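These protein sequence lines map, in sequence, to chains S and Y. Every letter in the first sequence is one number past the one before it in our numbering, and letter 22, counting from 1, is 22. Every letter in the second sequence is one number past the one before it in our numbering, and letter 144, counting from 1, is 202.
Derived by calculation from the structure, the hints in this document are not laboratory data. Fair warning: there could be bad hints in the mix.
Claimed, not checked - Each computed BS3-like pair below joins lysine-lysine, with the alpha-carbon atoms no more than 30 Å apart:
{"no.": "1", "chain 1": "Y", "residue 1": "K195", "chain 2": "S", "residue 2": "K3"}
{"no.": "2", "chain 1": "Y", "residue 1": "K393", "chain 2": "S", "residue 2": "K35"}
{"no.": "3", "chain 1": "Y", "residue 1": "K303", "chain 2": "Y", "residue 2": "K141"}
Just so it is clear, the structure is predicted and the values come from calculations on it, not from any experiment.
Listed below, chain by chain, are the residues.
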Amino acid sequence: MLKVHRDICGYCGCCVSVCPEGALELIDAYLCIEKNCTSCGVCAKVCPLGALEVADEK
Amino acid sequence: MKNKYDVLVIGGGPAGAIAAKTAVEKGLSACIVEKRPAIGAPVRCAEGIGKEALHEFIEPNPRWISAEMTGAAIVAPDGFLMKLESKFAGNKVGYILDRKFFDRELVWRAAEAGADVAVKSRASAPIMENGCVKGAKIESCGQITKVSAGVVIAADGVESKFSRWCGIDTTVPVREIMSSVQYLMADIDIDAHTTVFYLGNEIAPEGYLWIFPKGERCANVGIGISGKKSGEGHRAKDYLDRFVKKTFPQGKAIECIAGGVSVCQPLDCTVADGLIIAGDAARVVDPLTGGGIYNGMYTGRLAAEVASECIEKCDVSKTALMKYDKTWRASKMGKAIERNYHIKEYLIRQPDTKLNEIIHSVSKLNLSDFTTLSLIKEIIRVNPKLMLELGTLAASIR
Ligand SMILES: Cc1cc2nc3c(=O)[nH]c(=O)nc-3n(C[C@H](O)[C@H](O)[C@H](O)COP(=O)(O)OP(=O)(O)OC[C@H]3O[C@@H](n4cnc5c(N)ncnc54)[C@H](O)[C@@H]3O)c2cc1C
Ligand code: SF4
Ligand code: SF4
Chain S
1 MLKVHRDICG YCGCCVSVCP EGALELIDAY LCIEKNCTSC GVCAKVCPLG ALEVADEK
Chain Y
59 MKNKYDVLVI GGGPAGAIAA KTAVEKGLSA CIVEKRPAIG APVRCAEGIG KEALHEFIEP
119 NPRWISAEMT GAAIVAPDGF LMKLESKFAG NKVGYILDRK FFDRELVWRA AEAGADVAVK
179 SRASAPIMEN GCVKGAKIES CGQITKVSAG VVIAADGVES KFSRWCGIDT TVPVREIMSS
239 VQYLMADIDI DAHTTVFYLG NEIAPEGYLW IFPKGERCAN VGIGISGKKS GEGHRAKDYL
299 DRFVKKTFPQ GKAIECIAGG VSVCQPLDCT VADGLIIAGD AARVVDPLTG GGIYNGMYTG
359 RLAAEVASEC IEKCDVSKTA LMKYDKTWRA SKMGKAIERN YHIKEYLIRQ PDTKLNEIIH
419 SVSKLNLSDF TTLSLIKEII RVNPKLMLEL GTLAASIR
């Protein structure tokens, strides 16, 4: 599952532009993950600050 | 905000502001919706723009010009510095803007001309009828308003979600997103009138690091690296922190911003029935420099001009709006994007040793006009071998 570390996120939209599913949406300073996220990790890779993490599902 | 406009503009950046202003000047009704609570903030930009490019749209005003540039420098991976100067010594060649105020000025001018503006108002879905875009649902402060429009201009920046909702794939390939971070640094030793670009795989893989002066001892110090090269422990921020620690150990960061810049080819098609896509949303950033302020304003203006013609003729079909797509592709801007895309593709494949070789070939260049094209021409002039390596691309540079 994809997790946003809100204390790190700079709400810049870089991740939004690369998501193949269009599953990210920035609502002002708040990054939302929609249900169609496949946890592919592309967004986590490109984030300039390292605010995204694909965490193991438990 | 009303329920109906001739032109609905999504996004209050340079592309959206110029689009709305142009639309109302053509006698149309127009509204800009911007999801952020303030136009221009936070800044997502190094704020550099060429002198001619700015003058085409607006006369410079000290209220939103941070600094005037008279030259530039490129630093090779091994530290060798190539100076770029204007043939006319001391001449202004560009500006570093203060985009918090610049973007506001552009939107303010659109409003003065008669456009409506709504901040903290996010387009959350298109209104579609028989495959044609007819407006958008706007969410503002917990309220949803349906706004219908003759033409929607999507100027929603790097995120470019609106066009995606309309069925157009705007995804930027991972290797072609510049993952970026920038500090506004105070109390640093710099040349206050020279922009500096650092190249090299150690310093900024498949991208570059920049110092854009904002005043005597203050500058935007930032970096963009390819998304492909980014990952845990080697992100844009890691590279920038390393550089800053070494170069400006006493400097203070008074602002930290992040961003993404697309350096891919533009969208295959930048119009649809009832929809025009402008600025970063259309992926029209210069792929070599990452500059998109001018391209945003240019496409914003053209989008509104074509929208106005089509609304007058009561035909906003994709076929009619294609005039926009064709015109920008054939323009100087469109050709520069095409050429610079291929030059970028060539450059990112070169090892540091090759970059060193190219930059070492000359320590100082006097450019007749301060553009990437004349820089490239000069570099080829002193490195005639490059002409062969560039192959078919060479023809477009002459
Ligand atoms: C780190 C960095 C450095 C850069 N440096 C330079 C430089 O030195 N020179 C240069 O020329 N260019 C530079 N650029 C590029 C430049 O910032 C952009 O090309 C330019 O801002 C594009 O303008 P725009 O109007 O297309 O988009 P933006 O300025 O991004 O505006 C888009 C607006 O749309 C809004 N929006 C998005 N979605 C919605 C929605 N659903 N509803 C309502 N509003 C929405 C956003 O909040 C935003 O305000 C840089 C970019 C970055 C990230
Ligand atoms: S790329 Fe990173 S910093 Fe930027 S919005 Fe996405 S999670 Fe936040
Ligand atoms: S993990 Fe993949 S699908 Fe999910 S938001 Fe990130 S890029 Fe999109």
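Hints, verified against the model:
About 28 Å separates the Cα atoms of K195(Y) and K3(S), which keeps this hinted pair within 30 Å; it holds. Restraint check for K393(Y) and K35(S): not satisfied, since their Cα atoms lie roughly 40 Å apart, outside the 30 Å limit. Restraint check for K303(Y) and K141(Y): the C-alpha separation of about 24 Å stays at or below 30 Å, so the hint holds.
Going down the numbered hints, you'll see the structure goes against just number 2.
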